[in-house]
Amino acid sequence: MKNLIAFFNILKKDINNYYLKPPNISWGIIFPLSWTLMQLLRCPDSNILELLPGLISTSVLFGTTSMLAVTITFERSGRSFERLLLAPISLNTLMLAKITGTILFGIFNAFVPVIFAGFFIDLSGVNWLMVFAVVFLIAVTSSLMGLLVAVSVEQVFEAQTLSNFFRFPMLFLCGLFIPVSNLPLFLRIVSYCIPLTYGADLLKGAINNNNILSEKLSFSMLIIFSIALFIISRYNIEKNKSK
Amino acid sequence: MINIKNLTKKYDDFTAVDDISLTVKKGEIFGLLGPNGAGKTSTINMMIGLFFPTAGEITINGIDVIRQTKKAQTVIGIVADESNLYNEMSGFDNLCFCGALYGMNKKQRELKAKQLLKQFNLHNTGNKPFKAYSKGMKRKLTIAAALIHCPEVLFLDEPTTGIDVESSRQIRELILELKNQGTTIFITTHYIEEVQRLCDRIAFMVNGKIVACGTVLELMNSISYNHSVHLTVDKNPQNFILEFEKRFEGSSAIAKDEKSLVITSKEKIPLLEILNFFQEKEIEVYQARQLHPTLEDVFVKLTAVESAILKKEKEKGDQQ
Chain A
1 MKNLIAFFNI LKKDINNYYL KPPNISWGII FPLSWTLMQL LRCPDSNILE LLPGLISTSV
61 LFGTTSMLAV TITFERSGRS FERLLLAPIS LNTLMLAKIT GTILFGIFNA FVPVIFAGFF
121 IDLSGVNWLM VFAVVFLIAV TSSLMGLLVA VSVEQVFEAQ TLSNFFRFPM LFLCGLFIPV
181 SNLPLFLRIV SYCIPLTYGA DLLKGAINNN NILSEKLSFS MLIIFSIALF IISRYNIEKN
241 KSK
Chain B
1 MINIKNLTKK YDDFTAVDDI SLTVKKGEIF GLLGPNGAGK TSTINMMIGL FFPTAGEITI
61 NGIDVIRQTK KAQTVIGIVA DESNLYNEMS GFDNLCFCGA LYGMNKKQRE LKAKQLLKQF
121 NLHNTGNKPF KAYSKGMKRK LTIAAALIHC PEVLFLDEPT TGIDVESSRQ IRELILELKN
181 QGTTIFITTH YIEEVQRLCD RIAFMVNGKI VACGTVLELM NSISYNHSVH LTVDKNPQNF
241 ILEFEKRFEG SSAIAKDEKS LVITSKEKIP LLEILNFFQE KEIEVYQARQ LHPTLEDVFV
301 KLTAVESAIL KKEKEKGDQQ
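Which chain is which? The protein sequence lines are A and B, in order. When we follow the working numbering, the leftmost residue of the first sequence carries the number 1, and every step to the right adds one. When we follow the working numbering, the leftmost residue of the second sequence carries the number 1, and every step to the right adds one.
The set of hints was computed from the structure by calculation and includes no laboratory data. This structure is a prediction, so every number in the text was calculated from the model and none was measured. Errors might be hidden in some of the hints.
[To be verified] Lysine to aspartate or glutamate pairs mimicking EDC-like chemistry, simulated, CA-CA at most 20 Å apart:
1. A/K2 to B/E284
2. B/K209 to B/E296
3. B/K71 to A/E82
4. A/K21 to B/D93
5. B/K266 to B/E245
6. B/K128 to B/E173
7. B/K70 to A/E154
8. A/K12 to B/D93
9. A/K2 to B/E110
10. A/K21 to B/E88
11. B/K10 to A/E50
12. B/K71 to A/E238
13. A/K239 to B/E88
14. A/K12 to B/E110
15. B/K131 to A/E82
Build out the structure end to end from the sequences listed, making use of the hints.
Pasting the structure below:
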């Protein structure tokens with residue numbers, strides 16, 4: 001019960017302090033909208049439905065990794081994160097509370113292009129349950145990658161730099177812009193080591209019915225990535241205590 | 001209450017805390033005094049479970065801090081050397097949030113937050129965001145936040161560094177009030193006057209080691225010092241210094257100005273004998289004051305750290 005009280009209050013604090021701030025809300029809307037408009041301006045004849053998996057993935061990836069890496073690094077530099085570490089709550093509860101706000105922010109980000117697309121095309125053929133599940137898992141893995149970055153650096157600018165170091169390669173290697181099968185063998189191996197590859201493929205299946213990998217495999221891989229990233233992040237925080 | 005045995009903390013080749021042992025009794029204020037880099041913050045961070053020690057044991061209220069960190073954290077309150085609350089949140093919300101971290105329900109934490117704001121004289125600013133507070137107010141609210149769950153032991157890391165004189169005085173009064181309420185308090189600081197005014201017992205820490213530990217009186221008595229008397233007289237003391245030194249063998253007299261002098265001796269000279277000497281010489285003594293060593297003198301003698309270093313650090317802290 002005590003852990004639950006702490007969990008909800010950390011989540012509430014993060015939402016009020018960071019995610020519901022006007023700059024973040026506007027960023028959360030403007031960023032996915034800009035991506036959508038960029039794609040439409042580049043190829044005015046393109047099928048919006050074809051673009052949607054990429055736009056959703058990009059929005060979730062950038063929204064979650066940026067927010068968590070920045071908020072935790074910001075709290076660490078102001079030493080308020082220390083206050084959370086010193087509270088008598090388990091590290092798992094603390095980590096879950098911190099990533100839950102980001103996951104919700106990522107889900108919000110993901111549905112901005114969907115709502116935008118809804119004004120232009122018929123979305124009735126989309127498997128929404130699947131889309132929601134996949135968006136959730138992409139948000140979980142991306143948030144945990146953001147957490148991994150946040151606990152590894154000291155300053156906000158370092159968090160942004162390190163995030164971009166893996167975000168952009170991931171975007172181009174996950175099969176959204178270049179099909180994974182067209183990549184050289186080495187990059188194909190790298191691609192299958194990226195959680196977004198499985199998320200993007202599942203979204204393609206849920207929206208356009210043109211996934212390449214089996215749904216079972218992709219879901220399993222996303223869950224494995226989530227658990228592994230959680231364990232690594234936890235280990236990193238514990239390791240900092242021993243330093 | 002607090003037991004530390006052979007505590008050591010190493011960062012690669014550098015030993016920040018070097019095999020220290022100490023005990024803090026229930027209800028006392030214990031001060032850890034030392035210059036910056038002495039190992040005070042590393043010690044406190046291990047005691048509160050923020051860092052793992054390289055070696056040694058720490059128990060608080062019988063709870064092993066290293067093995068049962070979360071259990072130990074339920075009985076301690078922590079005030080870091082920075083006021084680390086949330087800038088966007090109001091004073092009241094900050095206190096309520098800290099209460100929630102300790103699993104207090106809404107009613108309990110709101111009631112306690114109101115009590116603390118009143119106790120710390122912050123009730124008129126409780127709705128203002130933390131970022132709008134002055135440094136002194138921020139410090140007071142940070143201490144209040146550490147008390148939200150009624151801890152048995154309070155850790156204060158440099159509680160008055162960088163804040164104004166009035167706020168420092170208020171914080172010192174609050175610390176004494178907490179002691180009277182039965183809270184055990186562990187303070188780290190580099191302000192000699194602060195430990196002298198507040199602490200029941202003091203440990204001097206230099207280069208990761210505890211070089212002395214005891215009450216102010218015990219520490220004063222632990223060093224040998226010369227007996228000194230300061231006299232204010234009606235005639236220039238320079239004229240009778242030699243005669244005085246001849247009469248009281250082993251003493252030395254130094255004129256401070258035209259109307260005062262300081263007499264120093266290994267063995268104590270009874271004040272009456274000194275006064276008789278001056279009476280014989282028809283010199284009127286306006287004032288005679290025995291000089292005792294200060295805690296600063298004791299610190300310098302025991303640690304070989306010049307008090308000027310501590311003063312410089314104090315000034316630096318006050319400027320920040």
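Hints and how they fare:
For the suggested pair A/K2 and B/E284, the alpha carbons sit about 74 Å apart, so the restraint of at most 20 Å is broken. The straight-line distance between the Cα atoms of B/K209 and B/E296 is roughly 18 Å, inside the 20 Å bound, and the hint therefore holds. Taking the CA atoms of B/K71 and A/E82, the gap is near 17 Å; set against the 20 Å cutoff, the hint holds. Proposed proximity of A/K21 and B/D93 is supported: the alpha carbons are some 17 Å apart, at most 20 Å.
Taken as a hint, the B/K266 and B/E245 pair is honoured in the structure, with Cα atoms around 13 Å apart against an allowance of 20 Å. Taking the CA atoms of B/K128 and B/E173, the gap is near 24 Å; set against the 20 Å cutoff, the hint is violated. For a cut-off of 20 Å, the pair hint linking B/K70 to A/E154 is broken: about 25 Å separates their Cα positions. Straight-line distance between C-alpha atoms of A/K12 and B/D93 comes to about 11 Å, which keeps the hinted pair within the 20 Å bound.
Simply put, A/K2 and B/E110 have alpha-carbon atoms about 16 Å apart, close enough for the 20 Å limit, and the pair holds. Among the hinted pairs, A/K21 with B/E88 is consistent with the structure: their alpha-carbon atoms are about 11 Å apart, no more than 20 Å. Our distance criterion of 20 Å between C-alpha atoms is broken by B/K10 and A/E50, whose separation comes to about 57 Å. As the CA atoms of B/K71 and A/E238 are separated by approximately 17 Å, the hinted pair is consistent with the 20 Å bound.
Under the criterion of a C-alpha separation no larger than 20 Å, the hint pairing A/K239 with B/E88 is inconsistent with the structure, at around 30 Å. At roughly 16 Å between alpha-carbon atoms, A/K12 and B/E110 fall within 20 Å of each other, so this suggested pair holds. Pair hint B/K131 plus A/E82 holds up; C-alpha atoms about 18 Å apart against a cutoff of 20 Å.
Comparing the model with each earlier hint shows violations of hints 1, 6, 7, 11, 13; every other hint is respected.
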